[in-house]
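Protein sequence lines correspond, in order, to chains U and X. Residues 147 to 257 in the numbering used here are what the first sequence spells out, letter by letter. Residues 0 to 114 in the numbering used here are what the second sequence spells out, letter by letter.
FYI, nobody ran anything at the bench for these hints, they're computed from the structure. Just to be clear, a hint being listed does not mean it is correct.
A partial selection of chain U residues facing chain X, derived with a Cβ cut-off under 8 Å [unchecked claim]:
1. P180
2. K183
3. L192
4. L245
5. F247
6. G250
Distance condition first, Cα-Cα at most 27 Å in a straight line; then the derived DSS-like pairs of lysine-lysine [stated by the list, open to error]:
7. K61/X to K249/U
8. K14/X to K188/U
9. K183/U to K14/X
10. K77/X to K188/U
11. K249/U to K10/X
12. K77/X to K249/U
For every residue, glycine included, the Cβ atom is placed at its ideal position computed from N, Cα and C.
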Amino acid sequence: GENVEQHPSTLSVQEGDSAVIKCTYSDSASNYFPWYKQELGKGPQLIIDIRSNVGEKKDQRIAVTLNKTAKHFSLHITETQPEDSAVYFCAALNSGYALNFGKGTSLLVTP
Amino acid sequence: EAEVAQSPRYKITEKSQAVAFWCDPISGHATLYWYRQILGQGPELLVQFQDESVVDDSQLPKDRFSAERLKGVDSTLKIQPAELGDSAMYLCASSTGQSRTTEAFFGQGTRLTVV
């Protein structure tokens, strides 16, 4: 089935710096790639997604890029703030319309 | 804002006991998912419903787990008997399921601890 690899597993940045999380997927038929933010004890919250007909999408301080040829996509957070600290998951929609998730990146933004 | 409702938020049960979780998806969402998330890992699909029908339960341990969505709205996930290794967060999600690019929204989850 679909395999989603996510790196790094942990990331520590200083407030104001940028953070980048990268994912790769194996199923060339995947065409939908969401990113979720999960805070401690809560469910994953959708923060941004990208579809295969575009290469980049931006929403304020968050941007995602997609390279379908290379089968990888990335999350970019600029001007990081302490409230950005959380676990971030990438995912890819499989042929059965269910999401396959990466293992997550624990982001820590220090003041 | 519409959201996926789950209950209970927390559950502690002894091994070999039965436990059940409930999920009410966003109104109008035909597709409902149950995921299991072990601490420090990403969610993994257990079962997927389209309306009242099971679409994918290939990863559901059917000897002890069961799931139903009788009227195509809310859903129940049951474990009987519970084992220590079942301790995890159980997440429910829903989507309209109208295309391959529709968003899936998650509930707050049920944190299960088996002792």
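Right, here's what the structure says about each hint:
Taking 8 Å as the C-beta cut-off, the interface hint given for P180/U holds, the closest approach to chain X being about 7 Å. Contact between K183/U and chain X, as hinted, is not supported at the beta carbon level, the nearest pair being about 11 Å apart and thus beyond 8 Å. The beta carbon of L192/U is positioned within 8 Å of a beta carbon in chain X (closest approach about 6 Å), and the interface hint is therefore held. The restraint placing L245/U at the interface with chain X holds, with a minimum CB-CB distance near 6 Å, inside the 8 Å limit.
The criterion of a C-beta within 8 Å of any C-beta in chain X is met by F247/U, whose closest approach is roughly 3 Å, and the hint holds. This hint holds: G250/U has a C-beta 5 Å from the nearest C-beta of chain X, less than the 8 Å allowed. Between K61/X and K249/U the alpha-carbon distance is near 25 Å, which keeps this suggested pair within the 27 Å criterion. Distance hint between K14/X and K188/U is fulfilled; the C-alpha atoms sit about 25 Å from each other, no more than 27 Å.
A hinted pair counts as satisfied when its Cα atoms are at most 27 Å apart, and K183/U with K14/X does not qualify at roughly 32 Å. For the proposed pair K77/X and K188/U, the alpha carbon gap of about 21 Å is at most 27 Å, so the pair holds. At roughly 24 Å between alpha-carbon atoms, K249/U and K10/X fall within 27 Å of each other, so this suggested pair holds. About 25 Å separates the Cα atoms of K77/X and K249/U, which keeps this hinted pair within 27 Å; it holds.
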